[in-house]
Amino acid sequence: MNDTKKTYWKGIQQLKNDPAFVKNADKEFVDLGVEDDPRHSRRDFLKMMGFSVAAASLAACEAPVRKAIPYVNKPVDVDPSIPNYYASTYVNGGDYCSIVVKTREGRPIKIEGNSLSKVSMGGTSAQVEASVLSLYDNYRLRGPKAGADSASWEDVDKAITGKLGEISAAGGQIRIVSNTILSPSTKAAIGRFTAKYPTTVHVQYDPVSYTGITKANEASFGKAMIPSYDFSKARTIVSVGADFLGTWLAPIEFTKQYSENRKVSEKVTTMSRHYQFESNLSLTGANADYRTMIRPSQQGLVVAQLYNIIAGKAGRASVSAGIDKVANLEKAANELWASRGQALVVCGSNDKDVQVLVNGINDMLGSYGTTIHANKTVNFRQGNDEAMAALIADVEANKVAGVIFYNCNPVFDHPMGAKLEAALKNVSLSVSTSSTEDETASASGYKAPDHHYLESWNDFEPKTNSFSLSQPAITPIFKTRQAQESLMTWAGEPTEYFAFLKENWRNWYYGTAGGGLSFQSFWDKCLYDGVLDLSNGEAETLTFSGDVDAAASAISTNYKSNNTGFELAIYESYAIGNGSQANNPLLQELPDPITKAVWDHYATISQKDAAELGVDNDAEGRTQYINITAGGKTIKVPALVQPGQAPGTIGIAIGYGRTKVGVVAANMGVNIYPLVTMVNGSLNFNVTSGVTVAKTDEAYQIAQTQIHQTYMGRSSVIQESVLSEFKKDPHAGREFPKITKWDEKVDPGTVSLWKGHDYLDHHWGMAIDLNSCTGCGACIVACNVENNVALVGKQEVINRREMHWLRIDRYYSSDATDISNYEQLEHAAENPEVVFQPMLCQHCNNAPCETVCPVAATTHSTEGLNQMTYNRCIGTRYCANNCPYKVRRFNWFKYHDNQQFYQANPAMNTDLGRMVLNPDVTVRSRGVMEKCSFCVQRIQAGKLNAKREKRTVKDGEIVTACQASCTSGAILFGDLNDENSQISKLLQVKRNEKRPNSPDKQIGNPRAYRVLEDIGVKPNIYYLTKIKNKDLTNA
Amino acid sequence: MQVSSSLRESLITGGKTVGDVSEDISRQVEGKPTQLWWMAFGVSTVLLLFGVYCMSITLWEGIGKWGLNKTVGWAWDITNFVWWVGIGHAGTLISAILLLFRQKWRMSINRAAEAMTIFAVICAASFPLIHMGRLWLGFYWALPLPNAFGSLWVNFNSPLLWDVFAISTYFTVSLVFWYMGLIPDFAVIRDRAVRMGHKTRAAVYNAMSFGWSGGAKTWMRYESVALILAGLSTPLVLSVHTIVSFDFATSVIPGWHTTIFPPYFVAGAIFSGFAMVLTLLLITRKVFKLEDYITIYHVELMNIIIIVTGSIVGIAYITEFFIAWYGQVPAEQYAFINRAFGPYWWSYWCMMTCNVISPQLFWIKKIRTSLVSTFVLSIIVNIGMWFERFVIIVTSLHRDYLPSSWSMFYPTMYDLGEYILTFGFFFCAFLLFAKFFPVINMAEVKSIIKSSSEKKH
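Going line by line, the protein sequences match chains V and D. Under our numbering, residues 12 to 1046 are what the first sequence spells out, in order. Under our numbering, residues 4 to 460 are what the second sequence spells out, in order.
Hints listed in this document are in silico derivations from the structure and should not be mistaken for laboratory results. C-beta atoms are modelled at their ideal positions from N, C-alpha and C, and glycine is treated no differently. Warning: the hint list may mix true and false statements.
What the hints assert, rightly or not - Keeping only pairs whose Cα atoms sit at most 25 Å apart, straight-line, the calculated DMTMM-like set for lysine to aspartate or glutamate is:
id, chain 1, residue 1, chain 2, residue 2
1, V, K996, V, E736
2, V, K749, D, E323
3, V, K739, V, D1042
4, V, K756, V, E1024
5, V, K274, V, E736
6, V, K752, D, E323
7, V, K805, D, E64
8, V, K905, D, E64
9, V, K756, D, E323
To be verified - Here are a few chain V residues that face chain D, going by a calculated C-beta distance under 8 Å:
id, residue
10, H719
11, R725
12, Y889
13, V939
The whole structure should be built from the sequences, with the hints applied where relevant.
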């Protein structure tokens, strides 16, 4: 075969021996990679686009991954979905409450009162209920800090111990500053610290001081203490400026006692009579039978006058001070005298002289030993104003080398806070154990954050020989450390506080209270109960030895009966208290019981002064700022016209104006503490001279949840009477509406198209006693927490869209005499009577909401509940329109996971906050309606429990959150089908003989009425008439 | 006895011939839109886009964008709904009831009135849809569809559900009735297009006319169907607004809970519907030069209906007050006093002035035969009717039983935006209709022109 040497070339490139060709000649398919060809081809583009689109859509299909990690070893006590309850104690400064903490999967989610406590007696307050959210506050310190930088505990301890050593070596002064400390073990821990550093002095102060009372008792009885008051034993109560149901001393306990004497029935037709003399319309004043408006400058004189009248009856010498023409004072004195031994006079003044006279009055009335118990002292307020003032002076004078602030915030809440803040820069060691970076912590060199109280061990002695324990309900969330442990560490004796505490109890109480148990059993029992009471021994007889004449002469110089200028009456906000809980949105959105304002700081002024100043505060809360000058300081706050405000006085709350606080309370109001002055050795919360008030033209809108003041004379809403009438006829005040048929008038509800469904098992109902309800608002917060009710923030409240399932309607009386004069009826009287009405879903048997829902999202249960199926709701809002009680709440926006509500509603918008949510209750989505469910999750849990134990539900086993929180016992929930239930007995329920399970029950209690009886919707909530113990005025 | 009727004036003036009718009406469809049309369409589109923006934000963020609150759960949304539904009444009333009563004057106006009805009902229906908190579920959950959610069914007790049925039935029947009437006229345009050599137009209009042949049998069937549909529509005219009024009448809210509502709402609906027809026709007549077809006589007759229905509405207002006094129910008494003298007094008196007093001016012949005053009054009537619904809905809700919940309603931009949205849609749709569809029923009008031409020279 001839080799012709012929070459068959594959292409021009081969022929030309193109180098690019030669390089790839051995490859059958030449792949020009992207790197080889910088010009991306159309194909590449399509390929890449195809890939991206596919990848993006695949990624979009995938649900976000939320990791749920199962327990490897299940903790013994933790069963998923089964709540655990721990007895513990709420303490915030000197405020105290024995509580039971509900935890779910290791997270505290709800707080309720501990009924075993003999001090707080199972009551709670709004602040106690809300404090569970403070645990999950994003503003809490994550760990210790040196200056502005995070540090480790070792480093901080080393630095602090080092400095303490230096100071101690140089003989420098060290101070521990705290609010009232109720805890014996904490005091022991401080004792250890003091032992190590003997130059240490422990100074206690209280933001709202009660030094005057302590001093007065020292002067009167030789013992610096505050006695126990027992309002339940008092038939006549006179309070001069003491808001004992709202903020004064121990409102939870007092509410409990007070309400005992306010419950009337056909059998019990007596109730206490309560006189209130005050400047601001307080919660207590709103509940009083007689309320007289006085100026703060008259307070001492009113007490002196009362002293004189009673002294006249008791045959004692009268004192030099006095005042004429105070309405109801003579009458009050007469009745006090008539009911001596069952009388109580309290005064909110922090002036020693005034309190000495009060002691004198109580002494004449025989209150000591009956309504006042001096052997059982209350320890809530041990602060000493003079010591604190001296401390600040010492710090300013560079006499103090080291200060430790134990869970207190004097830079904010002491009148000389600004001076302290400035002076702290020169103090070589300043430490704050506050769990948040508050004003004082920010001004301190070291932050050694304490646990939240729900993470802590502790013990408390709120009253002599009554103890309460705190136990952690959750592992510490952050790198915080119990402050007592810190103190002992710095003292060079690092001790685990739990062991220390237990050891103390072994040494202190086991001996007397052990009762033959082993210590461990004793300890376990104490921990289980949460409380321990030791016997108090014999009541000692007190001899009153106060110098009333000296007190009276001081009063006559310090007080004036005819002051004409403006006066400031500084009060504690019901919601945020002294400001320590300002960053808690549950409290910020809790309507003030009186003004119904939320998220706001304002000055209350009387209608008369508003007219004179030209302040126009319309129904929508639109108002103007006023400038208030007092003691050389000028503050600018919006004015709120308040019926019942004494003319010439301005009420203004402390607690606002926090500067180092989380987002919730940022930029809110003005700090009022600097206006407080030191008078007579104690802080004076009234400014009676040198106050000027000027209106500005700057407009402002206050957010209020209720903008109409009166109930317009509608007796279908509020039915009230007075005790004397009630004695004559227990139906007093009741309205019996009739509807007209063609030939006769019949009861509403007897004419119906429907027969109604029988409730075969349970028939849930509620009774609310308008006489017991003080309007405090604890139930609102309890409901919020229990039912994951969204908080919406100020603007949305102005838009009238708060979500509260339960609200307390507050109505003022008007001066109108004619109930068809609508114009007049709309205006509250100058000094109105007040009635509170908790309003929630009435669970109507003929519910108007149910018939109108196009998709049957709201239906009736076989147990009488009006239930809401969120999943089915399409949000037409027809049900809310057709609700005569306007208790339905619509989700106007998405309140969870929405940046818009981050500030107002952290419980649904932050990872930390979400831990507080009740897993048994759905967080509602946007566009659905919601409302009170009668805590259906609790009903369900109770029924399941009973079922598991093969029995029927016991009465009292299921309580709604509002009932559980109600200190005064105004709310009672139960089964109307159960003849032996408390509610059946209270309402005197009689079953229909022919149809025993009929929804229509006969109610025998003459006080029980249903709101809007005439429209025939047949609610399952019964209200008991409001009975005031006042004389019938001829109207 | 011998009765001799006087010679009736022709309903169509200008001595139009059959050919003129076809020419005059079809000209609008065949010609290019005028500048005026473009301007109007541009403005309407801007309104529509603004409305769409507002609606999108509302849908994205929530109903909270509106000014509603815990006490006032409905305000502009349902006000606008009832207002548009009311407007949507005139069309069917004109074409159905007047057809049954053999009122030939309706022939010039029924087409536009029916178109208006359809667009108004669409506008109306948009409000119950967007007012829902969860529209994306509600739009089909409110229908009794078999479903897999267990055995969830709608609540037949709810007046809102009755609304769903009433509105959808009314819309369907009105649409069919309207389209039926259009078929022969589409055929006219098709025939003219064929003659003019416009193939596309011929094809489109042929399709729309379903290949109308114009045979005697076809006409016979057409007439029968028209009569049947008229018979079907007649009760609907009364039922729709009756049922809408049930939304309020069956509730327990004072001011809503009123048995007088059904007749009062129907009268009000016809009242506002006629006013809207007048507003639109007076413009259309001018823009499309249809003065010979829609004459002063038509206007006058419609004005007389406005006097009648306006007076019925006025009597209803007074009756409500009388019953509130006579019934001695305190909450109801307050509700009515509050309407007239409460915070929303201005809306009440606006309603009274616009609805009760102003139509009485039509007693004066000069006013009811004047185009300008008719135009002005027709707008005033619709303002008044809007306020009527606002008064009923908002003033009843804002102060009902418990004074603690009393509050005010303030509209936001988004409330306004949604209302503007419907205006944008309505005018866009009406302008498109006026451009592409014959605005006057040629087939019917041809039956009433005088056969002998009396063209004036």
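Hint-by-hint comparison with the structure:
As the CA atoms of K996/V and E736/V are separated by approximately 23 Å, the hinted pair is consistent with the 25 Å bound. Proposed proximity of K749/V and E323/D is supported: the alpha carbons are some 22 Å apart, at most 25 Å. Of the pairs offered as hints, the one joining K739/V and D1042/V holds, with about 13 Å between alpha carbons and a cut-off of 25 Å not exceeded. Distance hint between K756/V and E1024/V is fulfilled; the C-alpha atoms sit about 15 Å from each other, no more than 25 Å.
The straight-line distance between the Cα atoms of K274/V and E736/V is roughly 15 Å, inside the 25 Å bound, and the hint therefore holds. Distance restraint check for K752/V and E323/D: the Cα-Cα separation of roughly 20 Å lies within the 25 Å cut-off, and the hinted pair is therefore satisfied. A hinted pair counts as satisfied when its Cα atoms are at most 25 Å apart, and K805/V with E64/D qualifies at roughly 18 Å. Annotation: proposed proximity of K905/V to E64/D holds, straight-line Cα distance about 8 Å (limit 25 Å).
Between K756/V and E323/D the alpha-carbon distance is near 23 Å, which keeps this suggested pair within the 25 Å criterion. The closest approach between the C-beta of H719/V and any C-beta of chain D is roughly 4 Å, which is under the 8 Å cut-off, so the hint is satisfied. Given hint, R725/V at the interface with chain D, holds; its Cβ is 7 Å from that chain's nearest Cβ, closer than 8 Å. Interface restraint check: Y889/V against chain D, minimum CB-CB distance 6 Å, threshold 8 Å, status holds.
This hint holds: V939/V has a C-beta 6 Å from the nearest C-beta of chain D, less than the 8 Å allowed.
Of the numbered hints stated above, none is contradicted by the structure.
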